[in-house]
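Asks: Turn these sequences into a full structure, and let the hints guide you.
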Amino acid sequence: MRKSVFRAPLLAAGFGILAFAQAGSSPARVGIIHIQNAIIQTKDGQKAAADLDARFAPRRREVDQKQSEIQALEAQYRSGVNTMSDEAKAKMARDIELKRKLLQRQTDDAQAELDQEQQRVIQDLGGKMMVVIDKYAADHGFALILDVSVPQNPVLYASNSIDITRDIVDLYDKASGLPAPAAPAAAPSKPVAPPAKKQ
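Residues 1 to 199 (this note's numbering) are what the sequence shown spells out, left to right.
Please keep in mind that the hints were generated in silico from the structure rather than gathered at the bench.
Each residue gets a CB set at the ideal place from its N, CA and C atoms; glycine is no exception.
Errors might be hidden in some of the hints.
Unchecked claim - Computed Cβ-Cβ distance ranges for the label pairs, DEER-style: (1) Ala90 / Ser68: 21 to 31 Å; (2) Asp64 / Gly127: 44 to 54 Å; (3) Gln65 / Ala88: 18 to 28 Å; (4) Lys135 / Ala75: 37 to 47 Å; (5) Glu74 / Asp108: 49 to 59 Å; (6) Ala75 / Val131: 52 to 62 Å; (7) Asp64 / Leu98: 13 to 23 Å; (8) Gln106 / Val30: 40 to 50 Å; (9) Pro58 / Lys89: 32 to 42 Å; (10) Arg78 / Gln152: 37 to 47 Å; (11) Gly177 / Pro151: 31 to 41 Å; (12) Gln119 / Val30: 46 to 56 Å; (13) Arg55 / Ala75: 25 to 35 Å.
To be verified - No farther apart than 25 Å at their CA atoms in a straight line, the calculated lysine-lysine pairs in the PhoX-like style are these: (14) Lys47 / Lys66; (15) Lys43 / Lys101; (16) Lys91 / Lys66; (17) Lys174 / Lys128; (18) Lys135 / Lys174; (19) Lys99 / Lys66; (20) Lys43 / Lys66; (21) Lys89 / Lys66; (22) Lys99 / Lys89; (23) Lys47 / Lys135; (24) Lys174 / Lys43; (25) Lys101 / Lys47; (26) Lys43 / Lys135; (27) Lys47 / Lys174; (28) Lys101 / Lys91.
Replies: Below you can see the structure in the form of structure tokens.
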């Protein structure tokens with residue numbers, strides 16, 4: 001019954017399409033951004049992820065301990081199934097099932113709380129990020145900026161040369177004035193790249 005317990009505090013935001021039509025000359029530049037990675041890579045994002053991880057670590061350890069206890073009971077049940085009385089087997093089976101249900105409920109509650117906290121952080125950091133993106137678009141003449149972190153976005157192909165994610169992260173960090181966190185969150189396992197063009 002081993003289940004992935006507590007998704008790592010990966011801060012993600014689906015902002016969809018970010019469009020900016022600025023006054024003045026008619027800008028024609030188009031850019032892409034991976035908002036999810038941008039938020040994670042900022043110093044604020046790394047600090048928020050580390051804070052959430054530290055806050056939920058005791059509950060994660062508690063869930064892991066209970067999972068181990070259930071596995072030990074299951075092993076005990078299997079090893080004694082031929083020697084225990086029917087009554088003892090039935091009682092142990094009920095105990096195991098009850099512990100499984102309690103663990104599942106505890107895991108679901110903790111995950112729901114973690115998701116709620118992540119959304120709160122995302123709203124806060126996302127609002128700050130949008131201010132930076134808006135200024136960047138105005139300063140650099142962008143007519144359209146697309147978020148490629150949303151799987152359902154309409155972007156079929158985008159060149160890496162129009163990816164502004166790193167620029168936005170740098171500008172955000174510069175504006176925040178925060179030092180780099182002592183223990184930054186783990187980087188994404190795969191490099192950021194726009195969706196490949198469909199054949």
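Asks: Indicate, hint by hint, whether the structure satisfies it.
Replies: Hints, one by one, checked against the model:
The hinted range of 21 to 31 Å is satisfied by Ala90 and Ser68, whose Cβ atoms lie roughly 24 Å apart. Separated by about 35 Å at the C-beta atoms, Asp64 and Gly127 break the suggested range of 44 to 54 Å. In this structure, Gln65 and Ala88 meet the distance hint of 18 to 28 Å, their C-beta atoms being roughly 25 Å apart. In this structure, Lys135 and Ala75 break the distance hint of 37 to 47 Å, their C-beta atoms being roughly 60 Å apart.
Separation of Glu74 from Asp108 is about 21 Å and departs from the stated range, judged on CB atoms against 49 to 59 Å. Between Ala75 and Val131 the beta carbon distance is about 55 Å. The supplied range of 52 to 62 Å therefore holds. At roughly 19 Å, the beta carbons of Asp64 and Leu98 sit within the given window of 13 to 23 Å. Checked against the given bound of 40 to 50 Å, the beta carbons of Gln106 and Val30, roughly 47 Å apart, stay inside it.
Take Pro58 and Lys89: their Cβ atoms lie about 35 Å apart, and the range 32 to 42 Å holds. The hinted window of 37 to 47 Å between Arg78 and Gln152 holds, with their beta carbons roughly 45 Å apart. Against the hinted window of 31 to 41 Å, the Cβ-Cβ separation of Gly177 and Pro151 comes to about 34 Å, which satisfies the hint. Between Gln119 and Val30 the C-beta distance comes to about 29 Å, which lies outside the given range of 46 to 56 Å.
The hint said 25 to 35 Å for the Cβ distance between Arg55 and Ala75, and at roughly 33 Å that hint holds. Distance hint between Lys47 and Lys66 is unfulfilled; the C-alpha atoms sit about 29 Å from each other, more than 25 Å. Proposed proximity of Lys43 and Lys101 is contradicted: the alpha carbons are some 39 Å apart, above 25 Å. Between Lys91 and Lys66 the CA atoms are separated by roughly 19 Å; this keeps the pair inside 25 Å, and the hint holds.
As the CA atoms of Lys174 and Lys128 are separated by approximately 12 Å, the hinted pair is consistent with the 25 Å bound. Between Lys135 and Lys174 the CA atoms are separated by roughly 13 Å; this keeps the pair inside 25 Å, and the hint holds. The hinted pair formed by Lys99 and Lys66 meets the criterion: a straight-line CA distance of about 8 Å does not exceed 25 Å. Restraint check: the Cα-Cα separation between Lys43 and Lys66 comes to about 34 Å, which exceeds 25 Å; the hinted pair is violated.
Taken as a hint, the Lys89 and Lys66 pair is honoured in the structure, with Cα atoms around 21 Å apart against an allowance of 25 Å. Among the hinted pairs, Lys99 with Lys89 is consistent with the structure: their alpha-carbon atoms are about 15 Å apart, no more than 25 Å. For the suggested pair Lys47 and Lys135, the alpha carbons sit about 24 Å apart, so the restraint of at most 25 Å is met. Using a Cα cut-off of 25 Å, the hinted pair Lys174 and Lys43 holds, with the two alpha carbons roughly 10 Å apart.
For the given pair, Lys101 sits about 34 Å from Lys47 by alpha-carbon distance, which is inconsistent with the 25 Å threshold. Pair hint Lys43 plus Lys135 holds up; C-alpha atoms about 19 Å apart against a cutoff of 25 Å. Between Lys47 and Lys174 the alpha-carbon distance is near 15 Å, which keeps this suggested pair within the 25 Å criterion. Proximity of Lys101 to Lys91 is assessed by CA-CA distance (about 15 Å); at most 25 Å being required, the pair is judged to hold.
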